[in-house]
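Student: This is what each chain is made of:
Number of protein chains: 2
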Amino acid sequence: MESSFRMDNAQASQDRARILQALELAQRGFGLTSPNPPVGAVIYKDDRLLGSGYHHRAGEPHAERMALADAVEKGHANELKGSTIYVTLEPCSSYGKTPPCTQGIIDAGISRVIYGMVDPDERHRGRADAVLQSAGVEVKGGVEEEACRAFLRPWIHTVCTGCPWVIAKIAATLDGRIVRAGGEHRISGEKARKYTHRLRLRSDAILVGGQTVRTDNPELTIRCGIEIPDGKEQPWRIVFTRSARHLPSDAKIFSDKHSNRTLVYEAVEDFQGVLRELYKKYGIVTLLLECGGHLLREWLERDLVQEWVQIVSPYIGGGDNLLLSGSDLRVEKILSDTQTRRCGEDFIIRGLLSKS
Amino acid sequence: MESSFRMDNAQASQDRARILQALELAQRGFGLTSPNPPVGAVIYKDDRLLGSGYHHRAGEPHAERMALADAVEKGHANELKGSTIYVTLEPCSSYGKTPPCTQGIIDAGISRVIYGMVDPDERHRGRADAVLQSAGVEVKGGVEEEACRAFLRPWIHTVCTGCPWVIAKIAATLDGRIVRAGGEHRISGEKARKYTHRLRLRSDAILVGGQTVRTDNPELTIRCGIEIPDGKEQPWRIVFTRSARHLPSDAKIFSDKHSNRTLVYEAVEDFQGVLRELYKKYGIVTLLLECGGHLLREWLERDLVQEWVQIVSPYIGGGDNLLLSGSDLRVEKILSDTQTRRCGEDFIIRGLLSKS
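In order, the protein sequences belong to chains A and B.
Adding 472 to a residue's 1-based position in the first sequence gives its number in our numbering.
Adding 472 to a residue's 1-based position in the second sequence gives its number in our numbering.
Just chain A, same shape as in the assembly (with noise of 0.2 Å):
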């Protein structure tokens, strides 16, 4: 019975080590598979890796079918009869843009599927297990369940409420002001500025209100040295403005070769109806706010910011640039699960928003 326990136990630890590591190889697909959530696979027979995958991007295979052709390639065909596969979110199990993965994994001879966290839509819930089980199929779900489920937090917001998971990123001076006294508009060192492109790379849109494209002609792309990967577009830029016409004709985001990749709403009421078409007609999942405080205002008001991201300069100068304008929120928001860390002379704040 004890060396039964015992062995059970082992087996439970390497199940979670190898979702931990199918999880390092989703992140290489963040940001880059809306409106998919990035997912990664690895298939082992007892102590051997016999092949490995995630999700690039929307419209390709899924991470399971990834992994299934790596050790195809690589020589395994033979192996995968009796092997386990070893994936972060529950496999899906119809069809889409591709066939479902669970068909893909019987075909295969795979005999045991263990898998992170479960299908947050309510119609496919568990239906993995089902379709895998009467296959004959042994399969697990839930392991590392909490990492799978803070990784994919923006998709799983998306799937459940229909709109993109919004941060706000800001960018202010000690004081709480987001221009320095002087006038300058560049708060933040270098390294911070990377990290805010890092940000844009694992984001599908970028929205600004018509006075940050007035006052700053910003390009809202990734630069910064950041390597873009194969496939990866430059994020939506979207302009939020009480009137187009007032928007200059020749501002960068208009005019550069990805002027096809701007959006501009005007006099928006209705930012939910907004939220739900971006993810619906465009696909976005995550939204990065960069505006000024009185739209940002206009964001807390609604509750519709998810993650905050501020970036502290080491200022202090006063001004009237609030990186929040205005009087009393309706309802206070509070931080939870922060992080924070020096990012070069900078210092960076981040977490979830919810009502304090």
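Hint data in this document are derived by calculation from the structure and do not stem from the laboratory.
Hints may be right or wrong, so weigh each one.
Think about it this way: if two alpha-carbon atoms lie no more than 20 Å apart in a straight line, the pair counts; the simulated EDC-like pairs of lysine to aspartate or glutamate are [claimed, not checked]:
hint	chain 1	residue 1	chain 2	residue 2
1	B	Lys827	A	Glu656
2	B	Lys569	B	Asp579
3	A	Lys827	B	Glu817
4	A	Lys663	B	Asp809
5	B	Lys729	B	Asp702
6	B	Lys827	A	Glu817
7	B	Lys663	A	Asp809
8	A	Lys827	B	Glu656
All figures in this text were calculated on a predicted structure; none of them were measured in a lab.
Go by the hints and put chain B onto chain A.
Tutor: Chain B alone, transformed into the frame defined by chain A:
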């Protein structure tokens, strides 16, 4: 040659280690010794610690005298001859409230004096070397000088400028407000409050504006379960107000048992003049600014703040109570030598202030 070089090297490294040991002792006096500096000393003969001590408070013996007395008390009186004393600051060589330490060292037969930083007062600097050397004592100063200087920064500033070292302490939300949405003035969590009270313990005075007295009716004392060492008095409470008539006479700072330690300054224009008086008349070396955004602005505009301690709480709520009010400062400030750390649910950003 080489072995003598090695010996020199070993001795230099031993000297540094013992100065740092003396500095540890000096820490115990921080905040208690004003207007004197906190100083520590250890006496060694070869590898044996004969005695150690630190300056407890003004009027009591200096660190060197405390270490000598400790050695005697431990029965090492006869061994002092030929020993080495390590002290964090150049020993005093003139009569103050106590006789000069150089004389005590000579009388005890100590043959070697190693000290950290030279006296910052130009009138005294280097005099100990001359006095001791003429009595045949070997002297070496400037050992771990940086560490000793950093530790004595407030006192050095005071000696050199005649003004207390001013620390601005700010407790604010992520969006730079000092009152939470809904009107709650208590922003920081328990751990950060404790941190604040430890800051008070290391300060000689706390300064607020009349508005803070009227709105918060603060006690401005050291509490939060912090043990107050023997001989440490509650800090002076200093109020800057436009009109003393408008301060409530039943405010805690005027009616509690420390009310004799409350000073009111009315319609101050010459902030520096008040600072000089606070040092000269009350021996205040470290002054903690705990004021609102309007008065803080006055202090920053006058360039009279040396250190900045900001406690950032995880709320976002908007509102009119900014940590720093008004338009651009005439001269922007920048924080250097920054430290940051999490403190319970809050974050602390601390550093030295200078013109950017």
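Student: Hint by hint, say whether it matches the structure.
Tutor: Results for each hint:
1. B:Lys827 x A:Glu656: Holds, at roughly 16 Å.
2. B:Lys569 x B:Asp579: holds, 19 Å
3. A:Lys827 x B:Glu817: holds, 16 Å
4. A:Lys663 x B:Asp809: holds, 18 Å
5. B:Lys729 x B:Asp702: holds, 17 Å
6. B:Lys827 x A:Glu817: holds, 16 Å
7. B:Lys663 x A:Asp809: Measuring from Cα to Cα gives roughly 18 Å; hence the hint holds.
8. A:Lys827 x B:Glu656: The hint holds at about 16 Å.
Checked against the numbered hints above, the structure violates none of them.
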